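Next come the chains, spelled out residue by residue.
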Amino acid sequence: MDEDRLLVERCLQGDEGAFAELFRRHEASAVRLAYALVGDRSAAEDVKQDAFLRTFRSLDRLHADAPFSGWLSQNLVWAARTLQRRGHWRHEVVGVGELHADARADFERQELRATLVGALQSLPLPAREVLALRYYFDLPEAEIARIVGCRPGTVKSRLSRALRALAISPAITGLKETSDVR
Amino acid sequence: MSVEALVAAELRRELDAVRPLSGAWRALRDQLADEAPVPLWHRVWDHGMSRRQFLRAAAAIAGAAMVPGLPAPPPSEHLAGSIIFMPPPPPGTIRAGIPTFSPAGPGPDTYLRGLGFCSDPYAVASADVATATADQLTLSVRRLASVADGTWLELEVVDAGVDAKDLPPPGHFDGTLVLRDPAGGDLAEIPLGAQRIIKHGWSHVTGWMRLHVPGVRLHAGEVVILATVTARATTLVARVRLLPVAEVGQPASRPRRAQATVRGITIRVVAAALGGDPAVLRLDASEVGGAACIGSRMGTRGRGGELVLRDAQGREYLEEIALHPTSHGSTLFDDVAHFPRLPADARGLELIVPTLSFHDREGEAVVEVPIRGLRVGVRQPLPRDLRLGGYSLRITEVELLAPPALALHLDLGHATDGRLLLYPAQVVVDGRQLGWNMRWRPGNVMRADVIEVPLPPGHGDVVGVTMRTPAVEVEGPWVVPLDLPVG
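Top to bottom, those sequences are chains W and B. So for the first sequence, the numbering used here puts the first residue at 19; every next one is plus one. So for the second sequence, the numbering used here puts the first residue at 13; every next one is plus one.
Some hints could be false.
What the hints assert, rightly or not - One side of the interface only, derived from the structure: several residues of chain W facing chain B at Cβ under 8 Å:
id	residue
1	Ala38
2	Arg43
3	Ala46
4	Ala54
5	Phe70
6	Arg72
7	Arg75
8	Leu149
To be verified - Mimicking SDA-like on lysine to any residue, the simulated pairs with C-alpha atoms at most 20 Å apart in a straight line are:
id	chain 1	residue 1	chain 2	residue 2
9	W	Lys174	B	Ser14
10	W	Lys174	W	Pro142
11	W	Lys174	W	Asp156
12	W	Lys174	B	Ala20
13	W	Lys174	W	Tyr154
14	W	Lys174	W	Phe155
15	W	Lys174	W	Ala160
16	W	Lys174	B	Glu16
17	W	Lys174	W	Pro158
18	W	Lys174	B	Val15
19	W	Lys174	W	Pro144
20	W	Lys174	B	Ala17
21	W	Lys174	W	Glu159
22	W	Lys174	W	Gly35
23	W	Lys174	W	Glu161
As the list claims (entries may be wrong) - Which residues of chain B face chain W? A partial, calculated answer using Cβ under 7 Å:
id	residue
24	Val15
25	Ala20
26	Glu22
27	Leu23
28	Glu26
29	Leu27
30	Leu33
31	Leu40
These are calculated hints, taken from the structure and not from any lab test. This structure is a prediction, so every number in the text was calculated from the model and none was measured. Note that beta-carbon positions come from the ideal geometry of N, C-alpha and C, so glycine has one too.
Kindly generate the complete structure, drawing on both the sequences and the hints.
Here's what the structure looks like:
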């Protein structure tokens, strides 16, 4: 039995310390996924808190063989969707600006790095969900499908469409040029 | 460098720099505690047990009561869950393990916590928990309500004098219960017996019981409860103060036009008590052909967390799991939904019901399984395409189990027109109901991947397995408007 499962079992026995430990173990990755989804630090904190709240309230429905991290990711996705329905978050990174071809490479990369989440925000939320889960958390398509609530084939098509959309965004074209030059 | 590689690398660089704010755990912990949405902290601890203890005890009791003699299922590593099923209830009825509260009358609606909605203006109920202690036994009368069709009691008896590693026998709390008026006249005497027994530590066990005393109507004032536990030869005497339900329960109302129809099925909110903790809704659904469960796949797990209340500001309130399912006597399992206390400014509420499940009365599928040649623990292909009512399923493999039992591996296919076959709710072997067991894969709770049936003694080389009563999940969502103020 992995450590998360042991902690979940302790939570289900009412051990408050186990809740704190689960929170500590997963808080950082949760806020990162939330940030990738909503593109705003403050909103990401709200999404993370909401997702943990949902997760802890429904721990008894977490199946014995299902990973806690997957359950939490599912609730992060749902919390982000709820926030989006409320139209509540502002974008910390506003849009993807035009790049100056003559900018220094390092500065350019720094700018691009800072705007990748901004580029993600130009995509619809379902696309951001699969991109973040696939390319940051390295999850297989089947697991992503379970988390976002669709078929694996849908994940594949969303990823493909999202990558095509990103490929023509200034952020990625600039990065691609930079990496190709090196 | 591919776009995929670029995205992965840059996403990692950017997100790795993101750090959570400090103090988040304290805020979350306070939120969990103050808003009381967390059964783990509040609802179950109040009852002296964890949710897991409750669920295990409920499942054990349900399994023991439902299918006596079913062989123990073999260990199975690749399948996640298992549950034992009883034969389905007769059409139009719910076979509940505990009695349900079914009030009648034209009075103002009141919600009595743990019992249900009441519209009887002459009903009375207890306001406080009454206790009595003797000979290491403690009786707690947690709830008592008396309405037109009788008196309902919810009791706990704690025995602090046991010395056992395991649970005591089911009859440990058997005895008699007497209702007596303060003047000394006996009103009723009924058998006492625990529906759940929970063990705490090495020496404490609790018997939980909900009892119905038909035909006995109590009035405001006091009633004396005498509980005699036969095994301990002890009688406990508790005095319960009764008040009109309007003074005890939460005021409720009947929302108008609170209904939504999806795929021909209408879900309604027929009563609501939104001003208290918890906020409570009574639900109803149009006839779907058999016993139904709003918002969840059916089974002993019950419901909780599936239903959501959402207000006009977009705030969502997740359903709590009730310790005791409540049914008002319809064909619905657990027709009362509990939510955390709603803020006073919540307006424009909507109830979101993701799914509805029901036992379809129509349909029967029969498969002949050759037993000869099967070896224990070895799967044999047996492809069979079957129709169970309006639903297709495929048997892929069969397997012999020890003790003598048969496992059928199933492929229940995809949803058709928003309806998903979950499992057959009745399985018989050679025409005999011997009980059966169901297993499912992780992430697909309550949808059968394997069903296991005991082989009847003296079976032949070929046995006939008959599946009936398909359990079906209907996809929603139903979004039911609730035009009611919270206060």
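Q.
Hints numbered earlier in the text: which of these fail when held up against the supplied structure?
A. Per hint list: 2 and 22 violated.
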